[in-house]
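Novice: Chains A and B, in that order, are what the protein sequence lines are. With the first sequence counted from 1, adding 1035 to any position gets you our numbering. With the second sequence counted from 1, adding 8 to any position gets you our numbering.
Simulated from the structure, these hints should not be mistaken for laboratory data. Backbone N, C-alpha and C define an ideal beta-carbon position, used for all residues, glycine too. Hints should not be assumed to be uniformly reliable.
Estimated spans, in silico, between C-beta atoms of each pair [to be verified]:
1) A:R1111 / B:N31: 29 to 37 Å
2) A:Q1059 / B:N31: 18 to 26 Å
3) B:T82 / A:A1138: 42 to 50 Å
4) B:N71 / A:T1042: 20 to 28 Å
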Amino acid sequence: MDDLRFTSIGDAAAYLAGDEKVKQQVDEEICCSQLVNTLLQLRIEKGISQKELAKRIGCDPSKISRLEAGNDLQLRMGDVMQYLSALNVKMNMVVEDTSLPVAEQIKQHVFLIHEKLEQLVKLAKQVDGDEVIINKIHVFCSEVLFNFLSRFGDKRFMENDSVIKHASPKTDYPLLRRRGDPCGRPPL
Amino acid sequence: MHDIWVLDVSLASKPTFSRFQKNHNKEYVSCFNNLEKIKKLLNQGKKLAELEYHPSFFRHETNGIFRIGQNGLTGAKESRLYVYPCFRENVIYILGIGTKETQQSDLARAKKAIKGIC
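Make the full structure from the sequences, and use the hints.
Specialist: Rendered as structure tokens:
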């Protein structure tokens, strides 16, 4: 009976329809529903009914029902933001310019990671300031930033910025402490 | 780590599904997309049959048989995909598909099909 069991919805749908083309259609529809899926999972994870969510947003439950039964192309940004806000969930958007040269794309990612790690440090400080976590984040950031700037950075920045290098007692990597970063943000 | 759910089509009538897909392709695709949403939740260990806050396109009909609807497509025929999630085996049995008009006969066939499983 194993040949009548499928892990892929697209495969099952195509088999039952007797048409291989259906697999692609279903897979594409699934692909276009990732955000809807995320919203639905969040709501269920938090144990909130459609009725309760609608009440929090101030809309009819049928609106939530339609949203969750649809795909991402049918979503409106305002509805997404209201939905998330009602669940006390924040949304961060990452915009990637894939037309940039690879080095610039890498730089974008490195600075995004840096921002996220700074947020992590702030959160760690809120939980009775776990110094171990904070120190590890500092070391990681320094290594990533230093190696990136060595490879891709502006040579003038590397020469003129007041960079203090000394060996970390625990690793073989030089620990970079800087007074400012290329984007003008304060040190960690 | 939860077990992955699989789909079993052994109880489904291929001619029924094939006919439905040819006549209502958008609804067909939409129903299976919504089945994927349910499967994802089951893969995360959610016990949908016990929850009050499952999505409204996923409704319990009778005897553990659920129906999955399509999205709000303009001019869409209100459609139902009938499934039976077996929590003992982590298998979703696909039973039938039809419209609102054929609901009674579809359910009768589905109830007959699940006798002896789970």
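Novice: For every hint, state whether the structure bears it out.
Specialist: Results for each hint:
1. A:R1111 / B:N31: 29 to 37 Å: 31 Å, holds
2. A:Q1059 / B:N31: 18 to 26 Å: Cβ of Q1059 of chain A to Cβ of N31 of chain B: about 20 Å, so the range 18 to 26 Å holds.
3. B:T82 / A:A1138: 42 to 50 Å: 47 Å, holds
4. B:N71 / A:T1042: 20 to 28 Å: 26 Å, holds
Hint violations for this structure: none, all hints satisfied.
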